[in-house]
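K.L.:
Sequence:
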Amino acid sequence: MPGSKWTVRERLEQYYREITTIILSRQNAATGLIPASVAITTHGDYRDAWVRDNVYSIFAVWGLALAYRRIDDDDGRAYELEHATVKLMRGLLFAMMRQAHKVELFKNTQAVHHALHAKYNTSTGGTVVGDNEWGHLQIDATSIFLLALAQMTASGLTIIYTMDEVQFIQNLVFYIERGYRTPDYGIWERGNKLNHGKPELNSSSIGMVVAALQAINGINLFGSRGGPQSVIHVLPDEITRNYTTLHSALPRESASKEIDAAILPVISFPAFAVADPRIVSRTRAEIVKKLGGNYGMKRFLRDGHQTVLEDTSRLHYDPNELKIFEGIESEWPLFFTYMVLDGLFREDWEQAEEYRMKLEPLLIDSEKLVQYGGNLGGDAEGGRRLSVSSSSAPPPPRMKLVPELFIVPRESVEAEKKNPGSQARFANENVPLVWAQSLYTLGNLIYENLLSPAELDPLGRRLLPYRHRSNKEVVVQVVLLAEDAELQQRLATFGLDTQTVESCAPVTISNPSALRDAYTRLGENRKLGLTGRPKRPIGTLSTCKLYRCQGRLYAFLPHFMDKEEFYLVSDNDYLLSVFEQELAFTRNHWFSTGRPTMVVMLTREMLGSFTAPTEATPKADSWRYDTASRSNRNLLNFMMSLRSGFCSGTRVRLGRLSDMINTACIESLDFLVGSMEQHEDWHLLLKRGAGGVQVREEGRLQLDREGTEEG
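Here the sequence shown is numbered in my numbering, starting from 32 and rising by one per residue.
No lab work stands behind these hints, which were simulated from the structure alone. One or more hints might be untrue.
Claimed, not checked - Each pair of labels, with its calculated beta carbon distance range: (1) R345 to G452: 27 to 33 Å; (2) S534 to R313: 49 to 55 Å; (3) S534 to D162: 52 to 58 Å; (4) E317 to R100: 36 to 42 Å; (5) A60 to R212: 37 to 43 Å; (6) H347 to P392: 47 to 53 Å; (7) S608 to K229: 52 to 58 Å; (8) L494 to S608: 32 to 38 Å; (9) L136 to G254: 27 to 33 Å; (10) R429 to E381: 25 to 31 Å; (11) L136 to T524: 53 to 59 Å; (12) K229 to T343: 17 to 23 Å; (13) N480 to T343: 25 to 31 Å.
Said to hold, decoys possible - When the alpha-carbon atoms are kept at most 25 Å apart in a straight line, the in silico DSS-like pairs for lysine-lysine are as follows: (14) K133 to K431; (15) K133 to K229; (16) K448 to K399; (17) K389 to K321; (18) K133 to K566; (19) K389 to K449; (20) K399 to K389; (21) K320 to K389; (22) K320 to K448.
We put the beta carbon where it would ideally sit given N, CA and C, even for glycine.
Sequences and hints are given; from them, build the entire structure.
P.N.:
Written as structure tokens, this is what we have:
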């Protein structure tokens, strides 16, 4: 890192003036929102406040506030910058809370027209475009907000003030948790590469969902002064579904985009969503190879946005139009700022220096901009002044500005297509792109040792690739329960030690539906019209935890053994194959503290009587007994084989539940105590289906065997 002749305070003051000039001067005094730019072009009105752009824009303000914390006497700078950050985050929160009804609808339907809006009016926080007039469904935008909220809260900022806000944030978790199966319009608001208005699954969106869910899980939004009610909960199975989908898709962005520079923030700052360093390296190399240029990086191949050949009078492209954009795609310096940050976070100084050098000639001197004084030096419409301490603001400092993108001139199009990278390009009129300027400033702060990666990432997400758990063995604890004492004695004759539900006391054994019903109370808020988590099944990773509520412990049977959900588990051979798969799944995707604990209920129906057919048995039906007996023996042998400590490559430990509590993962359900109505009992809710956990429910469908045969 190069030395500086200025003191730390002088350098911070320089950055303070730049940030107040470029970013804070545009922050609306009433809403706290920041317009993406002050430009109005043929490509749109940039004066609106995009959720994604606002979060990225405020990163530099937050980063400078963290840098000011280092010095003893900061003249109130740290406080001012921290609360400018809080104001923007709360401005976004208020804008989204006004659309709480959409959150409630979307978490059940995942319909495009039920999505939260992607941008809002900067002055009012209201909507600016109709539901069907814009590609509002952008899961990554909501996710980056949650990710930033988690990191900023962990850094000591208090952004959330009331339980209404906590419950809304919890519902935003439910809003994004199915991102792995929700086609959206993505970071570029276009959806499919053909730009015909159709959404698709995007790795960049799923990656942000992964990062947001991992980061927000367990965060107390009231900070050190909060209680169990203000903690955000994320079910591990929802994280895993997004996580596995992302890792299986990379480096591909979507069905129509083989690669996209939007994946850079997924594999590096701010998401760090990919745990496998090999996938990270491969994806980064693909992006640099296929999208890198002299003036930045292309967003994706055949991207026509703001090229001279794009017809700006149409929102969408013709089906055969993409070919004309090949080789002349606009190049964005924004992605060079990501590469600088990536190098700094990984301590790859060579990469950081390389992209700083590439970025340097692309920066525009603020004194050369005709509109510099009007756009940057004064107050933005509804914005704040440059300085809170002086009535006569000093002239704007001379700054290096990051343009939005560089375009191939019309007269150079054919030459550029024949020889890519040979022609000079010019910057568009959107200077600076505040999002890019913010990341450029962050890179400079870290490069000059004014800020450290650890301060920007208090949750330690940057360490995820180094914590890749390829060599760590997970031991799955298995507890076998017998349906009743008679079956327990019978199994003991085969050397299989089991427990009954009663003998597990003080731990209460319940069906997975009880845990599902408990989570429907999470995030419930009548004032906002929010009902909490939808009644979706609870996955294996969640039922492999023990739960504590007001001092009582609860264990839940796995969902895959619930016959009410799927009748095929009545087939023992099928059940065995599913059991093996779930053990392997748990081994591969267990990231929680402690060991997973799987509680399995054995019933008479599953094990049968092990008796051979008698002479009275009709010969035509003897095959039924042979098949059933063989299936029952297979199940019994499988359960007994667990005593060896291995099951298809998965380490297991068979034992009594009381012996496994100390090594189990225990999660809190104390949020139930405050969320239940006075006439309801949270303990009755959690033990529903316990007291024997009746698996056999003969006549549940009110069908008579004789009547059925007669019919």
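K.L.:
Against the earlier hints, flag every one the structure doesn't satisfy and list their numbers going up.
P.N.:
6, 7, 13, 14 and 16
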